[in-house]
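J.: Residue strings, one per chain:
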Amino acid sequence: MTEPPVLSVRDLIVEFPTRRGTLRALDRISFNIRKGEVLGMVGESGAGKSLTGAAIIGLLEPPGRIAGGEVHLRGDRIDSLSPEAMRKVRGRRIGMVFQDPLTSLNPLYTVAQQLVETIRTHDDVTEAAARARAIALLDRVGIPAAARRIDDYPHHFSGGMRQRVVIALALCAEPELVIADEPTTALDVSVQAQIIDLIKEICAERGASVLLITHDMGVIAETADRVAVLYAGRLAELGPVRDVITAAEHPYTQGLMGSIPTLTLESTRLVQIPGAMPRLNEIPTGCAFNPRCQQVFARCRTERPSPIERPGGRQVACWLLSETTAEEAHGGTALEGRGPLPAL
Amino acid sequence: MDRLARIWDSDVAWSFRHSPIAIVAAVVALGTIFAAVFAPWLAPYNPFDPASLNLMNGFTPPGTPNAVTGQAFVLGTDHQGRDILSTILYGARISLFVGFAAVIFAMVLGIALGLLAGWRGGWVDSLLMRIADVQLSFPSILIALLIFGVARGFIPAGMREQVAIWVLIVSIGLSDWVQYARVVRGATMVEKGREYVQAARVIGVHPVRIVLRHILPNVIGPVLVIATIGLALAIIAEATLSFLGVGVPPTQPSLGTLIRIGQQFLFSGEWWILVFPSVALLALALSVNLLGDWLRDALNPRLR
Amino acid sequence: MEEPLLKVEGLCRRFDISRPWLNRVLEGGERQFLTAVADVDIAINRGETFALVGESGSGKSTIARMIVGLLAPTSGQIIFDGTRLDGTDGSKMRALRKRFQMIFQDPFASLNPRWRVGDIIAEPIHRFGLLKGVAVSHRVGELLDTVGLSAGDADKFPHEFSGGQRQRIAIARALSSKPQFIVCDEPTSALDVSVQAQILNLMRDLQDEMGLTYLFISHDLSVVRHMATRIGVLYLGRLVETAESKTLFRSPDHPYTRMLLDAVPDLELSGRRRQQVDGEIPNPIDPPPGCAFHPRCPRVMDRCRIEVPKPVPTASGAAACFAVESVPSPALGGLAKVRS
Numbered sequence: 001m002t003e004p005p006v007l008s009v010r011d012l013i014v015e016f017p018t019r020r021g022t023l024r025a026l027d028r029i030s031f032n033i034r035k036g037e038v039l040g041m042v043g044e045s046g047a048g049k050s051l052t053g054a055a056i057i058g059l060l061e062p063p064g065r066i067a068g069g070e071v072h073l074r075g076d077r078i079d080s081l082s083p084e085a086m087r088k089v090r091g092r093r094i095g096m097v098f099q100d101p102l103t104s105l106n107p108l109y110t111v112a113q114q115l116v117e118t119i120r121t122h123d124d125v126t127e128a129a130a131r132a133r134a135i136a137l138l139d140r141v142g143i144p145a146a147a148r149r150i151d152d153y154p155h156h157f158s159g160g161m162r163q164r165v166v167i168a169l170a171l172c173a174e175p176e177l178v179i180a181d182e183p184t185t186a187l188d189v190s191v192q193a194q195i196i197d198l199i200k201e202i203c204a205e206r207g208a209s210v211l212l213i214t215h216d217m218g219v220i221a222e223t224a225d226r227v228a229v230l231y232a233g234r235l236a237e238l239g240p241v242r243d244v245i246t247a248a249e250h251p252y253t254q255g256l257m258g259s260i261p262t263l264t265l266e267s268t269r270l271v272q273i274p275g276a277m278p279r280l281n282e283i284p285t286g287c288a289f290n291p292r293c294q295q296v297f298a299r300c301r302t303e304r305p306s307p308i309e310r311p312g313g314r315q316v317a318c319w320l321l322s323e324t325t326a327e328e329a330h331g332g333t334a335l336e337g338r339g340p341l342p343a344l
Numbered sequence: 001m002d003r004l005a006r007i008w009d010s011d012v013a014w015s016f017r018h019s020p021i022a023i024v025a026a027v028v029a030l031g032t033i034f035a036a037v038f039a040p041w042l043a044p045y046n047p048f049d050p051a052s053l054n055l056m057n058g059f060t061p062p063g064t065p066n067a068v069t070g071q072a073f074v075l076g077t078d079h080q081g082r083d084i085l086s087t088i089l090y091g092a093r094i095s096l097f098v099g100f101a102a103v104i105f106a107m108v109l110g111i112a113l114g115l116l117a118g119w120r121g122g123w124v125d126s127l128l129m130r131i132a133d134v135q136l137s138f139p140s141i142l143i144a145l146l147i148f149g150v151a152r153g154f155i156p157a158g159m160r161e162q163v164a165i166w167v168l169i170v171s172i173g174l175s176d177w178v179q180y181a182r183v184v185r186g187a188t189m190v191e192k193g194r195e196y197v198q199a200a201r202v203i204g205v206h207p208v209r210i211v212l213r214h215i216l217p218n219v220i221g222p223v224l225v226i227a228t229i230g231l232a233l234a235i236i237a238e239a240t241l242s243f244l245g246v247g248v249p250p251t252q253p254s255l256g257t258l259i260r261i262g263q264q265f266l267f268s269g270e271w272w273i274l275v276f277p278s279v280a281l282l283a284l285a286l287s288v289n290l291l292g293d294w295l296r297d298a299l300n301p302r303l304r
Numbered sequence: 001m002e003e004p005l006l007k008v009e010g011l012c013r014r015f016d017i018s019r020p021w022l023n024r025v026l027e028g029g030e031r032q033f034l035t036a037v038a039d040v041d042i043a044i045n046r047g048e049t050f051a052l053v054g055e056s057g058s059g060k061s062t063i064a065r066m067i068v069g070l071l072a073p074t075s076g077q078i079i080f081d082g083t084r085l086d087g088t089d090g091s092k093m094r095a096l097r098k099r100f101q102m103i104f105q106d107p108f109a110s111l112n113p114r115w116r117v118g119d120i121i122a123e124p125i126h127r128f129g130l131l132k133g134v135a136v137s138h139r140v141g142e143l144l145d146t147v148g149l150s151a152g153d154a155d156k157f158p159h160e161f162s163g164g165q166r167q168r169i170a171i172a173r174a175l176s177s178k179p180q181f182i183v184c185d186e187p188t189s190a191l192d193v194s195v196q197a198q199i200l201n202l203m204r205d206l207q208d209e210m211g212l213t214y215l216f217i218s219h220d221l222s223v224v225r226h227m228a229t230r231i232g233v234l235y236l237g238r239l240v241e242t243a244e245s246k247t248l249f250r251s252p253d254h255p256y257t258r259m260l261l262d263a264v265p266d267l268e269l270s271g272r273r274r275q276q277v278d279g280e281i282p283n284p285i286d287p288p289p290g291c292a293f294h295p296r297c298p299r300v301m302d303r304c305r306i307e308v309p310k311p312v313p314t315a316s317g318a319a320a321c322f323a324v325e326s327v328p329s330p331a332l333g334g335l336a337k338v339r340s
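Residue numbers (this note's numbering), protein chains in the order written: chain A, 1 to 344; chain B, 1 to 304; chain C, 1 to 340.
Among the hints, a few may not be true.
What the hints assert, rightly or not - Straight-line distance between alpha carbons at most 20 angstroms, and here's what the computed SDA-like set of lysine to any residue pairs gives:
id, chain 1, residue 1, chain 2, residue 2
1, C, Lys98, B, Val205
2, C, Lys178, C, Thr83
3, C, Lys156, C, Asp145
4, C, Lys246, A, Leu263
5, C, Lys156, B, Lys192
6, C, Lys92, B, Arg201
7, C, Lys98, C, Pro4
8, C, Lys178, C, Glu142
9, A, Lys200, C, Val277
10, C, Lys178, B, Val205
11, C, Lys92, B, Val205
12, B, Lys192, C, Phe15
13, C, Lys310, C, Val300
14, C, Lys98, B, Arg209
15, C, Lys178, B, Gln198
16, C, Lys98, B, Pro207
17, A, Lys200, C, Leu267
18, A, Lys200, C, Gly279
19, C, Lys156, B, Arg213
20, C, Lys246, A, Lys200
21, B, Lys192, C, Ala72
22, C, Lys98, B, Gly204
23, A, Lys35, A, Asp76
If you're looking for bench data, these hints aren't it; they were derived computationally from the structure.
A quick note: this is a predicted structure, and the numbers were derived from the prediction, not measured.
All chains, full assembly: derive it from the sequences and hints.
T.: Next comes the structure, spelled out in structure tokens:
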């Protein structure tokens, strides 16, 4: 592994200064995305998943600001770029798909104009060549009669078709990374399935890595290679999707998985986590999850756990695992007390 | 105590404490209102008491002593020897009374019609809003002038003096209800579709009760902002009408009347008769307007 | 067999979506209607949870709003415990209204932000004159306790609560008139999953304790699977299939139900190769002729393009599909088969 990861986020901190003090919305988030990988990011509303995406692409809404940490895109640091330079990175190297397709499409221009312009800022090609490429791309994302529909305006398309156009727009500059923030939340189930499949296929085809942000664990299960679980602005658990879903190690993730009703399991009662995620101004000291945790002990209330490296390339921020590891290893490779481990 | 502390800590109070303009405006506006309300006790003279007037004091420049008592006229006197400071205090009293009353009248009318239009929808809504459109296409001062003129035609000559001030209030109020009605109508239509209103409808709560108890408290916020700015506009409207000579009777001069009287003497050198009432009107209208602007921003989370 | 608690027969609702009269006169154009609900028959038994599922434009919320009286049906009738709801007025209607309630989707919109929680919960009590004076606040405290909040919360305002707590308050309000029947319109779709689990569990507990009957509206099949005893599947305003929950998920009859089940992203990591889902929901203003699902249907026949299929009985319910009619027990494997 000599190649640097496509995206590397290191101890990212995002803060919102308010008159009642500074709120820390993201607290030392670290993760990597490898080439061609789909990293899912889940969490409840307010956990900071969308904020992570916004911070990476430099679109934090003021007064929010990056207060610490680094973001590297294939080795280039991008968190401290000027707004102008960042705009270029967004256009060429990072593609974006948002929940509402209309935020990515300009209603005053035809789809052709928007696609051709983006292609030509990226590649020095003639208008005709760019148009041909745009049509091919629209065809690829599943727009029927692409050559004719390319001259339509965004409002001529249905919700699902619009999201396909957005995906084409996000991919037309051949970005290294696509950030998809709740790309299917506004869509109906039957259309959602089509869009998920499309994102997965087309990114694999083009070797683009994906950061898939969603609240829907089912979407992650079907799409992502690895998943990061956020809780109250902190990383609770990160690991391969299968492991996290079938054998979660963080008590929060365990509770979260149990609380999801499924089509196959017929249980009379769902697992429920008592209480609710704290607001940003009420995050308890120690582990943010400790007041709701069934297995809480003294240390959780005073010290904040850092992500601990686990077998199989997983990371779990929980003191329970730290102690068991330490005991098993007879103190030899005790992980506690060491700083945050490098993300994979 | 706890409640006071919570109010002090609220976002609006915080925004107020951190806005120097709002503080200055509030001081000026409240100071003027206080001085106007307590004019009979604060003013050195009663300008409406003929016994205290002496033509020998006519056109006294500011700071000159009274020819009879030797007490200084701080802001000078007018052609009849009335103390300008006192006339301003009494004038502001009338201006403010007309302003407040007109705004309350416009507000009540506007809220009622706005709630009706927003809740009922359909032709009631269309009718009211088309009337509003027509009225909006004329300057409101013309509307007020028209209503004032028509109303005077119906009132017997003997009663005109007495009711002039009420006619003025109704005229200004009727010229100004539209903006309240529009805002309330829009907000009502939004609230009407909300689920808490549907929850009340499911159990069959009477529509009048739904409108008054559920919807009204939720649409009143923006109205108060408009009302504050509306107060400044109403004071100016009153001054304009009085300046044109159709407002309050000369026996009860408002700030507008004083300015009309004063401008006759501007070019003969007695500048103070015009300037001081004008400054008072400007300070009052500006401070109330600035307060309204601040309130609008403070209540709008987007601008914070 | 016992008389169902709620019966809906031939329910239809059309919306006039024409442009204003003046514009039509000046610019031409016909009057336009949108048929949101067409010929829907439902019977809900006492103590059961009947779920209506469907995607956007399926008419599920319109049906819910007609049942609780927020919207008048264009035709058809709603019969609650033997009494027709249309044409019933005054005190009789008031007595009926007391017996059904509704829980809404958005707990941030369903509670009046200017009212204290206690007043919100007490509104139905006052409205139906159930209790007076101190007894009201006592009852409010009890209700708050029932839904997992504390009696002291009655003095607070809704904005002091989280989404899940607000939905608990909404449930307490719905329970305050001691109803038998509650229409739940997407009660958890605005909530996070861990909070959703709390609310779903609470609703089940309340049903067991009080013998409530639910009409549960949802677009989320996993939630429906968890809650419902029987399910009705809607597509463009028509009921395409009704079945018992277990049967529906094991062997769906209607091709649309099958497609929906295939489309749900699931935690099951079997890597199941789902049948490709095609097409999108047609515009409800101008639905396809015949069976509205025919342009997307893998089992389409000529007849489907012309005639609207009538419901035919199936193992545990009914399905409106000509393909099901001709081959009663479909050879295609259900979800369970694909999975195993």
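J.: Could you tell me which of the numbered hints above are not met by this structure, giving the numbers in increasing order?
T.: Checked against the structure, the hints that fail are numbers 5 and 20, while the rest are satisfied.
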